[in-house]
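Number of protein chains: 4
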Amino acid sequence: MIDEKITIEYSSNPSLNKPKLICGLPGSGYVGKLAIDHLIDKLHAEKFADVYSSSFPPQVSIQQNGTVDLVKNSFYFSKHDEHDLVFLTGDAQPVSAQGEYALAEEIIQICKKMNIDEIFTLAAYITGKFSESPQVFGTSTSKDVVDGFSKFGILGMNRGNITGMNGVIVGIAKQSSIVGSCILGETSGYVIDAKASKAVLESLCKILKITIDMSELEKRAKDTEEIIKTIQAQAAAQGNQEHAIPYKSESDEKSLGYIS
Amino acid sequence: MIDEKITIEYSSNPSLNKPKLICGLPGSGYVGKLAIDHLIDKLHAEKFADVYSSSFPPQVSIQQNGTVDLVKNSFYFSKHDEHDLVFLTGDAQPVSAQGEYALAEEIIQICKKMNIDEIFTLAAYITGKFSESPQVFGTSTSKDVVDGFSKFGILGMNRGNITGMNGVIVGIAKQSSIVGSCILGETSGYVIDAKASKAVLESLCKILKITIDMSELEKRAKDTEEIIKTIQAQAAAQGNQEHAIPYKSESDEKSLGYIS
Amino acid sequence: MIDEKITIEYSSNPSLNKPKLICGLPGSGYVGKLAIDHLIDKLHAEKFADVYSSSFPPQVSIQQNGTVDLVKNSFYFSKHDEHDLVFLTGDAQPVSAQGEYALAEEIIQICKKMNIDEIFTLAAYITGKFSESPQVFGTSTSKDVVDGFSKFGILGMNRGNITGMNGVIVGIAKQSSIVGSCILGETSGYVIDAKASKAVLESLCKILKITIDMSELEKRAKDTEEIIKTIQAQAAAQGNQEHAIPYKSESDEKSLGYIS
Amino acid sequence: MIDEKITIEYSSNPSLNKPKLICGLPGSGYVGKLAIDHLIDKLHAEKFADVYSSSFPPQVSIQQNGTVDLVKNSFYFSKHDEHDLVFLTGDAQPVSAQGEYALAEEIIQICKKMNIDEIFTLAAYITGKFSESPQVFGTSTSKDVVDGFSKFGILGMNRGNITGMNGVIVGIAKQSSIVGSCILGETSGYVIDAKASKAVLESLCKILKITIDMSELEKRAKDTEEIIKTIQAQAAAQGNQEHAIPYKSESDEKSLGYIS
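Chains as they are written, first to last, in this note's numbering: chain A, 1496 to 1755; chain B, 1496 to 1755; chain C, 1496 to 1755; chain D, 1496 to 1755.
Please keep in mind that the hints were generated in silico from the structure rather than gathered at the bench.
Be aware that a few hints might be false.
[What the hints assert, rightly or not] Label-pair distances were calculated between CB atoms; the ranges are:
| id | chain 1 | residue 1 | chain 2 | residue 2 | range |
| --- | --- | --- | --- | --- | --- |
| 1 | C | K1574 | A | E1577 | 49 to 55 Å |
| 2 | B | K1624 | A | E1711 | 33 to 39 Å |
| 3 | D | T1706 | C | N1653 | 29 to 35 Å |
| 4 | C | S1510 | A | S1645 | 40 to 46 Å |
| 5 | A | S1710 | B | K1608 | 51 to 57 Å |
It should be emphasised that the depicted structure is a prediction, and the values quoted were computed from it without experimental measurement.
Glycine residues also receive a C-beta, built at the ideal position from the N, C-alpha and C atoms.
Pulled out of the complex, with its shape left as it was, chain A reads as follows:
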């Protein structure tokens, strides 16, 4: 294994109609991760590929059924009338800058093979303040998309950075002439924020012309918050831990499992 080694393991090869990609990798506030897990759950999306990278944290992740697998990202899909949807989420982001660029390039290669021409990443817009009705912000590689955001209640931005995979995927998409947009939910950054995720999802659903039930989103946020508190308490009790309980989503629980 030399440098970033990225391996894609396909469990199926779905035939998709004009698919679009939605990404929500774990980041600050879990806004995007919580949103995509809810989407995958409610749309009964099916896993079709796992992505392994030597730039992921060197860990295995214990699954619901007691077995174990390397930390990974996974692709899911769901069928729809106008555009089928592909989802990308996972346990972690790469630990290095080069690992992030390399993985984003690999993801864009996969998108090209699937004829995906538009990507949305879901992220957090952190303010340090609590908000009862969080706003939704957006940016895109396409000026047309930016100009159309207001129709979906999305505010534009004119400066700032989006760090991590939810940003880099959009930037690499641009270099391959794929339209990349990032939808960010306003959040304090202090809690797992179901309201921010819901706001992001509502805007995204308008764009994608789909509807999903939001009723369980708040419970999902509470469960996630609790798990993360447990992890942090354990991590505080030990400098150099070999074992910790991480954030684990329902979408992982119902995944097809990995076939080597």
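Keeping the supplied structure of chain A fixed, place chains B, C and D upon it in accordance with the hints.
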């Protein structure tokens, strides 16, 4: 030398009968390292290979006889009726994520050449609390192994991560269709815990159908604890040290030595 | 993508007369960055190339028009009587030592193709003390250049390091027989220091025999200071932020935009 | 430039009689660096090669004459009756584990080309306590060398690590059948310790059967101490410095200069 350079130096090429691999690399609580050092000692296991990697900490390690060698991992073997055993332990783990993935891949390649079809890694399950009778936890790449854990007094897990080589080796094993299992001993994480190591060894010995004398394990833990305290005191006295006394096991002391 | 992947995207291919390169990448005190942004603005320099590297921070940067692009460096040029000028600035420096060396080598290759035989980098000479009339220091790969510094009010130095791209570019230039010089403005290091930038620019303009209006430089410094304070306040409010408002120069605002 | 790029620039190609290599790279206590700078000075050793690596800190170093060069290591030689001597010292050590291993391999390749069959590295044995008459410790890849240490007043060691280039060079030497030994001077680790350097040099001179004047060593230590205090004061005054005054030895001052 480009990137991770991994070198294997064989001092002998043992012919082994249906071997299984037991790994215990230094990690939190030294639970696995203490256990495997005891196993190697009591089973009179013989060293047959050293593993060097440019991802190990850039250090040499002074040996019992006053000579010096690069930080390394080493393979040992012992002969048994049903299954011969191979042991992997060492001075350190790689310093980078990529170094861990690369070394785990190399180890799995070595396993394949030796027809090893099952791997056990020994690790710590850190709770932050002291326990008089530590429990033993387990996970595996095989659902059958997980289902059989209860016969050996091993509890299953349904979430969490195992970080470092003791986790990654199991994850990479899965990708090569080798069954990988991790046995974790409950420990506070605050001391070198002979009780946790003993509990892990007792479960492992049941699985492997071997018996070993545990009487010296507690003394070994005390010696280890003392050495580590000395190191930490020295490390505290100096920001940027060039010289420190690390953990040094008896299994290293009796090793065959390295032939270049 | 393997290791440092550096991509150059040309939007035009200007024909230049005996060009010299001026570099000012963001570093401590923003002395060089503020100076080069002012130069680019006042000389109406035109962007002709963007440089992307997998060693840059893994981020996208939101542009003035609401669209987004990967963090990048950019080349600009302006036409003059005696020597045309090429400018290099950008959003960030690479995050690793190897990334800095690799990018500096790439920049020097570009210089060689453009027949650039002299490079000036603009940097900060940090003293920890405020100075009303900051001094200007200089060093060069050429003893002749060093000996001529006094004509331009530049003080020599006889020990010390210049870290980061503003140093490494000069060092790599030397290995390609290009004369590299670094002009450093004395600054406290605590604020965005228009006085230091102005002092550096005055010396540089004497060397290059050009004149520019300095009247807006102080306003530019104040704007920059304010933006950076906002960023730091936001960064303090969040450990692991996904979104932050970075330093954004006018030269970026008026850039040609990126054509993939 | 891919990964570690190491470049050797020879200014001359001396013909040497049964040469041995002495290494003293900057490390804790500057024990080895101070000793080798004194040796190079007193033996009028002549520089014949510079070593550049993309794993060195990304910095240029301002020379005594006001010009500038990339951070580097340098080889010197001096002619003697029985064995000619080669010296390796420099501005810095690599910033990464892989960079250290790669550079040590390159150095050993150079040794092989020069038929060097024995290497001594000079280092610090840090105790955290001040000692009026510091002891000298030693370890070697050769048991014979270890057994002979007592003749030169050098104490053996039976555990511990030697981190950094002064250790890794010895370890890599062993893998190429070159005898590598490390001589360590007892020091508190808190000051530049002329006494420790003198003790190391006295033992080394006995081994090498050479004599050198030690009278200026204490002055050299005081000068070094003062320069380092200045650097640390400056570094404390600035988080993210672009410019700092580092340790600069007389051996660098008299160096031949670099010819590209």
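Structure-based check of each hint:
{"no.": "1", "hint": "K1574(C) - E1577(A): 49 to 55 Å", "result": "holds, 52 Å"}
{"no.": "2", "hint": "K1624(B) - E1711(A): 33 to 39 Å", "result": "holds, 34 Å"}
{"no.": "3", "hint": "T1706(D) - N1653(C): 29 to 35 Å", "result": "holds, 33 Å"}
{"no.": "4", "hint": "S1510(C) - S1645(A): 40 to 46 Å", "result": "holds, 43 Å"}
{"no.": "5", "hint": "S1710(A) - K1608(B): 51 to 57 Å", "result": "holds, 55 Å"}
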